[in-house]
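**Student:** Chain A is fixed; fit chain B with the ligands onto it per the hints.
Residue numbers (the working numbering), protein chains in the order written: chain A, 266 to 576; chain B, 3 to 708.
The hints are simulated quantities; they were obtained by calculation from the structure and are not laboratory data. Backbone N, C-alpha and C fix where the C-beta goes; we use that ideal spot for every residue, glycine too. There could be a bad hint or two in this list.
[To be verified] According to the in silico footprint, chain A covers these stretches of chain B (three or more CB under 8 Å from chain A):
#1 63-76
#2 101-107
#3 111-121
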Amino acid sequence: MATLIAKRLGLMLFTMVIVSLILFLLLDTNLAGDPAARVLGQFASADQKSLWLAQHGYNDPLMTRYFHWVSGFVQGDLGESNRYRAPVADILGPRLWNTAILGFWTFAIMIPLSLLFGILSGMCEGSKLDRTLSVISIVTTSVPEFASSVFFAAIFVFGLKWLPGTSGMAEGFDWVQMVLPVMVLVVYGFGYVARMTRASMAEVMTAQYIRTAILKGLPYKTVILRHALRNALIAPFTVIMLQINWLLSGVIVVEFFFAYKGFGALLLEASLNNDVALLEACAMVAVVVAVTTQTLADIGYTYLNPRIRFS
Amino acid sequence: MNTKNSQAPILECKDLCISYYTRAGEIPAVVDFSLTLFPGETVGIVGESGCGKSTVAMAIMQYMGANGGIKSGSITFKGQNMTHMSEEELRQIRGSEIAMIYQEPFASLNPSVKISTQLIEVPMAHEGISAKEAWQRALQVLKDVKLPDPERVMNAYPHQISGGQQQRVVIAMGLLSNPSLLLLDEPTTALDVTVEAGIVKLIADISKKYGTSQIYISHNLGLILETCDRVFVMYSGEVVEEGSIDSLFSRPRHPYTHGLFACIPLPTADKNAAPLRPIRGQLPLPHERPQGCYYGPRCDHFIAATCDGEHIMMAPVEGSAANHRVRCARWREIEHDRVIPEGIGEQPVAVGEYILEVDKLQKYYEVRDNSLKALLSGKRIRHIKANEELNFRARKGETVAIVGESGCGKSTFAKVLMGLETSTNGEIRHNGVEISEIAVRDRSNKQVSSLQMIFQNPFDTLNPSHTIGSQISRVISKFGGKTEKGKIREKVMNLLDIVKLPRDFYYRKPRQLSGGQKQRIGIARAFAGKPSMVIADEPVSALDVSVAAAVTELLMDIQREQKTTLLFISHDLSVVRYLSDRIVVMYLGQILERGSTEEIFSPPYHPYTEALLSAIPIADPKVTKREIVLEGNLPSVMNPPKGCPFCTRCPRHIGAICDNEVPPVQQVNGRHFIKCHISLDELAQVEEVIHVPSKAERQQTVHPTQ
Ligand SMILES: Nc1ncnc2c1ncn2[C@@H]1O[C@H](COP(=O)(O)OP(=O)(O)O)[C@@H](O)[C@H]1O
Ligand code: SF4
Ligand code: SF4
Ligand SMILES: [Mg+2]
Numbered sequence: 266m267a268t269l270i271a272k273r274l275g276l277m278l279f280t281m282v283i284v285s286l287i288l289f290l291l292l293d294t295n296l297a298g299d300p301a302a303r304v305l306g307q308f309a310s311a312d313q314k315s316l317w318l319a320q321h322g323y324n325d326p327l328m329t330r331y332f333h334w335v336s337g338f339v340q341g342d343l344g345e346s347n348r349y350r351a352p353v354a355d356i357l358g359p360r361l362w363n364t365a366i367l368g369f370w371t372f373a374i375m376i377p378l379s380l381l382f383g384i385l386s387g388m389c390e391g392s393k394l395d396r397t398l399s400v401i402s403i404v405t406t407s408v409p410e411f412a413s414s415v416f417f418a419a420i421f422v423f424g425l426k427w428l429p430g431t432s433g434m435a436e437g438f439d440w441v442q443m444v445l446p447v448m449v450l451v452v453y454g455f456g457y458v459a460r461m462t463r464a465s466m467a468e469v470m471t472a473q474y475i476r477t478a479i480l481k482g483l484p485y486k487t488v489i490l491r492h493a494l495r496n497a498l499i500a501p502f503t504v505i506m507l508q509i510n511w512l513l514s515g516v517i518v519v520e521f522f523f524a525y526k527g528f529g530a531l532l533l534e535a536s537l538n539n540d541v542a543l544l545e546a547c548a549m550v551a552v553v554v555a556v557t558t559q560t561l562a563d564i565g566y567t568y569l570n571p572r573i574r575f576s
Numbered sequence: 003m004n005t006k007n008s009q010a011p012i013l014e015c016k017d018l019c020i021s022y023y024t025r026a027g028e029i030p031a032v033v034d035f036s037l038t039l040f041p042g043e044t045v046g047i048v049g050e051s052g053c054g055k056s057t058v059a060m061a062i063m064q065y066m067g068a069n070g071g072i073k074s075g076s077i078t079f080k081g082q083n084m085t086h087m088s089e090e091e092l093r094q095i096r097g098s099e100i101a102m103i104y105q106e107p108f109a110s111l112n113p114s115v116k117i118s119t120q121l122i123e124v125p126m127a128h129e130g131i132s133a134k135e136a137w138q139r140a141l142q143v144l145k146d147v148k149l150p151d152p153e154r155v156m157n158a159y160p161h162q163i164s165g166g167q168q169q170r171v172v173i174a175m176g177l178l179s180n181p182s183l184l185l186l187d188e189p190t191t192a193l194d195v196t197v198e199a200g201i202v203k204l205i206a207d208i209s210k211k212y213g214t215s216q217i218y219i220s221h222n223l224g225l226i227l228e229t230c231d232r233v234f235v236m237y238s239g240e241v242v243e244e245g246s247i248d249s250l251f252s253r254p255r256h257p258y259t260h261g262l263f264a265c266i267p268l269p270t271a272d273k274n275a276a277p278l279r280p281i282r283g284q285l286p287l288p289h290e291r292p293q294g295c296y297y298g299p300r301c302d303h304f305i306a307a308t309c310d311g312e313h314i315m316m317a318p319v320e321g322s323a324a325n326h327r328v329r330c331a332r333w334r335e336i337e338h339d340r341v342i343p344e345g346i347g348e349q350p351v352a353v354g355e356y357i358l359e360v361d362k363l364q365k366y367y368e369v370r371d372n373s374l375k376a377l378l379s380g381k382r383i384r385h386i387k388a389n390e391e392l393n394f395r396a397r398k399g400e401t402v403a404i405v406g407e408s409g410c411g412k413s414t415f416a417k418v419l420m421g422l423e424t425s426t427n428g429e430i431r432h433n434g435v436e437i438s439e440i441a442v443r444d445r446s447n448k449q450v451s452s453l454q455m456i457f458q459n460p461f462d463t464l465n466p467s468h469t470i471g472s473q474i475s476r477v478i479s480k481f482g483g484k485t486e487k488g489k490i491r492e493k494v495m496n497l498l499d500i501v502k503l504p505r506d507f508y509y510r511k512p513r514q515l516s517g518g519q520k521q522r523i524g525i526a527r528a529f530a531g532k533p534s535m536v537i538a539d540e541p542v543s544a545l546d547v548s549v550a551a552a553v554t555e556l557l558m559d560i561q562r563e564q565k566t567t568l569l570f571i572s573h574d575l576s577v578v579r580y581l582s583d584r585i586v587v588m589y590l591g592q593i594l595e596r597g598s599t600e601e602i603f604s605p606p607y608h609p610y611t612e613a614l615l616s617a618i619p620i621a622d623p624k625v626t627k628r629e630i631v632l633e634g635n636l637p638s639v640m641n642p643p644k645g646c647p648f649c650t651r652c653p654r655h656i657g658a659i660c661d662n663e664v665p666p667v668q669q670v671n672g673r674h675f676i677k678c679h680i681s682l683d684e685l686a687q688v689e690e691v692i693h694v695p696s697k698a699e700r701q702q703t704v705h706p707t708q
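Looking at chain A on its own, in the form it has when it is part of the complex (with noise of 0.2 Å):
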């Protein structure tokens, strides 16, 4: 186990170190475009130019540039944010924080709901309610986010006039207006989560170890918390723990629709205007995140299985 975690943490470090210096290379040297005109526009003089190419270290040798860059990244200096005139770690932290909310409620409602209409489907495959909860999970998974959230939109906003049209948060944190962020990402992301747990549930429900349990004649309701749910669960822990990949990328549909001040509307606006150390802190952190929860689903995935944690 402890090998297994130091060879995780060790490929986990490398895969960093690689994406970093792609993207270094991609964004930050003359390779994409000219980094002084994307600062400076498009009509300043060439003098101007390549004196602000030296003022920013532009002439020294690649290597010592990109080591420049990176302990600055480790030491929390992430660079200046040309469109916000700010350090990249001022504006990054609160938007960070925002999207953790949004995505700790989305998980804490998605999770629940497609693990028990998983098993719920699992355990009776066929059944009027399995077919029932698979229609639902393969409906909701394929409207795309976008458009469901003008559909919520549609009904919650502009219809029952339930709920407010944009989460901008502006007068402080309010539950009303996280509402709609967080349906629109739960109602896309559990039919997946749910599909795979029912796949799983149903195998592990046709597995013999599970006729030797109602055999032994144990009471239905040992049979399915003892002996199936635990093998059950292997298969989407990892879908779980990769899910928060998805989040990533769900988050930028999403806080844009709804002007949420959060990681995914940032990176768009980094983007969108050409904000390199803005966008190479924002690159980071979702490699960062991709990288550790794979690693914890690989771990997570070895501790559930006693065959491979003993072997």
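**Tutor:** Then chain B with the ligands, alone, in the frame of chain A:
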């Protein structure tokens, strides 16, 4: 029987009809099944796969899955009709009154729940006792099923113990609430022979000790003989014959029962004197059963009008004891007690020069140990000694069998021979050429074609998306030296004839073939390039008895014809005895004994050979066996004993010398060698394990299969 009859039966199945409902319609899996079981009695159900054995067991449990159901008939358990019970009433009977033991112990234990939990929940659910009390009970039962170190087993997960131990755990689980009926569905099929012998003995002891009634399901007539009082022979969903072991085994009446006996090699027969006689044709699918007798199309005694008219009912065999019944319209007329006609036997093949010489062959696998302990001690790389010092020879036209239990290194040796692995040390000369270090891709076409292999699972080696014809053609164009399309095609057709498959199989895909047919294709492919030697790795052990008999006979015929050397790898000594000229007995990567078949089957024996012989189930009540049950498990190849590999289980263990010193290889005579510390003189004193009555003894009561 008489004393038992005075008691009330514990279980009564009456005219049971069980069907599965699939998209293709209703499948009548079992029809008209009746069985009465008295307390303390063990009844066997025997038949080939798909004949409905498991379906009967599941019906008794009232657990038919989503698509199965009992159509008519009744199951009465201790006077209560089970077919009318509610789920809750059934739950109270399952596990406490009726317990079941399954074919695959590993699959039937929950991989992520500790064994202790899986055991104690049984009495806790049924008797409401405390966890502590249940724990004590579980520990006791684990001791009863002779598990060494029960505390460790309690705290283990299923994958941490061996297959034999897993089966003992499942048996313990069944016994925990002291049931009055135990259903055993092929409980030893997945186990090694010596482990199987131990489990069979355990099951027999249990029924004696606890007075548990048992229904023992098996496809192996020998096991049924060893475990049961009465036997039911099933064919295509119905019982075709039932009777006491004695009556049915000494005078089977139904042609199918007879066919089964003729398909298994008995210790009295060898391939030249009395070839196996496979049953022709195939088991009909449940919805394609013929009119009248289901066995009709395969029966040698079929007579139109008598056999294909009305459905045939079970009829008592008058004059026979113990309620012997048979479902055959002509049982009175058929004269089974015939000796095989003269001249049906084959001439032994004259053996020629040495085709294969193996000298001091070693194959070690390196494994990296990633445990913390290994990291700390620095011993990260360990060797698995899969083959340690193998020495033996095979001549042209000879059949040499390698026998041994799982993990003894049989398949590793085959891989080295085929060049799928290269040896660590030592030599293999094939036709005089050293090949042990040449990987298969570096071997010439000629070398590859002269050394071919037949696998246990033919399915894995056939490409599912190509026709049979194109797959054999490829082999021929590569190795057979033929290039013209027409010639190759002709050759493939020829091969199909040889393996007795219809020519239009040329155009079929592998999935359209049954197991036996696939194995025939495997044989055709192996023999396509006229090999001088063929290695067959458990070629028939996945097949049903009648199919296995046919495939075995086919293999023998082709080998005889082409004078190929056959290296037959198997764990089944009765088949090995039947078809091989020489036997090599392996254990934990070493050869413990080798010699001619005669020599292996008579004293002096190596103590391991002796145990192996005792483990062969023999379906002949006249043959007597000395019982040797091995205690303990096979040691791990990662960590073999220092001295004699067999020292941890050897019943003849003679002291510290066995544990500490590698035993010498002693030459008995000519080509017979035994690796043991006990002197040959002493080993020669040993009584024979299997006693086959002599001709004179036999003459008094004519055996039906003779
Ligand atoms: N769940 C099922 N659905 C449909 N057919 C089945 C099912 N289980 C078994 N059968 C069919 O019922 C017959 C008897 O099967 P089974 O009782 O498993 O035989 P055995 O145990 O003797 O090998 C076979 O023809 C098999 O194909
Ligand atoms: S009834 Fe006829 S076909 Fe059936 S087993 Fe008897 S003799 Fe053979
Ligand atoms: S050497 Fe000792 S342990 Fe090995 S087989 Fe002979 S008697 Fe048994
Ligand atoms: Mg079966």
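**Student:** Each hint should be assessed against the structure and marked as holding or not.
**Tutor:** Okay, the hints, checked on the actual structure:
1. Restraint check on the region 63-76 of chain B versus chain A: 3 residues with Cβ-Cβ distances below 8 Å, three needed, restraint holds.
2. With a cut-off of 8 Å between beta carbons, the region 101-107 of chain B has 4 residues touching chain A; three or more are needed, and the interface restraint holds.
3. Given as covered by chain A, the region 111-121 of chain B passes the check, having 6 residues with a CB less than 8 Å from a CB of that chain where 3 are the minimum.
The structure shown violates none of the earlier numbered hints.
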